[in-house]
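Undergrad: Residue strings, one per chain:
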Amino acid sequence: DAGVIQSPRHEVTEMGQEVTLRCKPISGHNSLFWYRQTMMRGLELLIYFNNNVPIDDSGMPEDRFSAKMPNASFSTLKIQPSEPRDSAVYFCASSLRGTDYLYGYTFGSGTRLTVV
Amino acid sequence: EDKVVQSPLSLVVHEGDTVTLNCSYEVTNFRSLLWYKQEKKAPTFLFMLTSSGIEKKSGRLSSILDKKELFSILNITATQTGDSAIYLCAVHAMAGGTSYGKLTFGQGTILTVHP
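Same order as they appear, the protein sequences are chains A and B. Letter by letter, the first sequence follows residues 14 to 129 of our numbering. Letter by letter, the second sequence follows residues 517 to 631 of our numbering.
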């Protein structure tokens, strides 16, 4: 298995531009999570999906952020318009959700976003 | 709101030293506590702890959970330069009123091991 695949690995964009981050979860995993990591705030959960349905998006900073999961093998996180304070590493993770436990919680390699 | 606090935030030691990293938490509907190691890229899984008092061990790393006092420690003995990384603690808890769980991470401890 190739693991969780994220693209692009690095993104540099100008303030005001739209940015789209992509994630392919591990095949068979039914939960997908988007995290943002900064030195100041650590790893913050933005949104998570179970069986392609958004369950909790309370971590999404504001309306400029949106996420979709059109099918079990693909998700996007979009920022429009982007701002310098959005600069961070964005991680996608997937897992198999059991009754009480999240099994095999695996992170992708992340997308380093820089907004200038 | 679920909260996970790690200490210290950073630690500098020499090879061969033993270190103890701390993680305390305040969550409702606790299910498990996980430790991750993050080097240059994505966090990689170390341990999952669900029961109090049972030590998990992997080589020079070990971890234990105290569900009464709501904390966990991660020990690394005979540290090596390759242990330099960010160590992340995360707690899996079920969201109130739902059957869905999520991981809440602490800030991490930055460990630097000098030769």
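No wet-lab data here; the hints were simulated from the structure. One should not assume that every hint holds.
Claimed, not checked - Looking from chain A toward chain B, a few residues come up when the C-beta cut is under 7 Å (computed):
| id | residue |
| --- | --- |
| 1 | Met53 |
| 2 | Gly55 |
| 3 | Leu56 |
| 4 | Phe78 |
| 5 | Ala80 |
| 6 | Asn84 |
| 7 | Phe87 |
Please read all numbers here as calculations on a predicted model, not as lab measurements. Think of the CB as a built atom: it goes at the ideal place given N, C-alpha and C, for glycine as much as any other residue.
Undergrad: Taking the least C-beta to C-beta distance, is Ala80 (chain A) closer than 7 Å to chain B?
TA: violated (14 Å)
Undergrad: Tell me if the interface restraint on Phe78 (chain A) is satisfied: Cβ within less than 7 Å of some Cβ in chain B.
TA: The hint is violated - Phe78 (chain A) has no Cβ within 7 Å of chain B, the shortest such distance being about 17 Å.
Undergrad: Taking 7 Å as the limit, does the beta-carbon of Asn84 (chain A) come near enough to a beta-carbon in chain B?
TA: violated (20 Å)
Undergrad: Does the CB of Leu56 (chain A) sit less than 7 Å away from some CB of chain B?
TA: Status holds, d = 4 Å.
Undergrad: Hint validation: Gly55 (chain A) versus chain B, beta carbon distance must be below 7 Å. Holds or violated?
TA: Constraint on Gly55 (chain A) satisfied, holds at 4 Å.
Undergrad: Minimum Cβ distance from Met53 (chain A) to chain B below 7 Å?
TA: violated (9 Å)
Undergrad: Holds or violated: is the Cβ of Phe87 (chain A) closer than 7 Å to a Cβ in chain B?
TA: Since chain B brings no Cβ nearer than about 19 Å to Phe87 (chain A), farther than 7 Å, the hint is violated.
The structure does not agree with the numbered hints 1, 4, 5, 6 and 7 stated previously, though it agrees with the rest.
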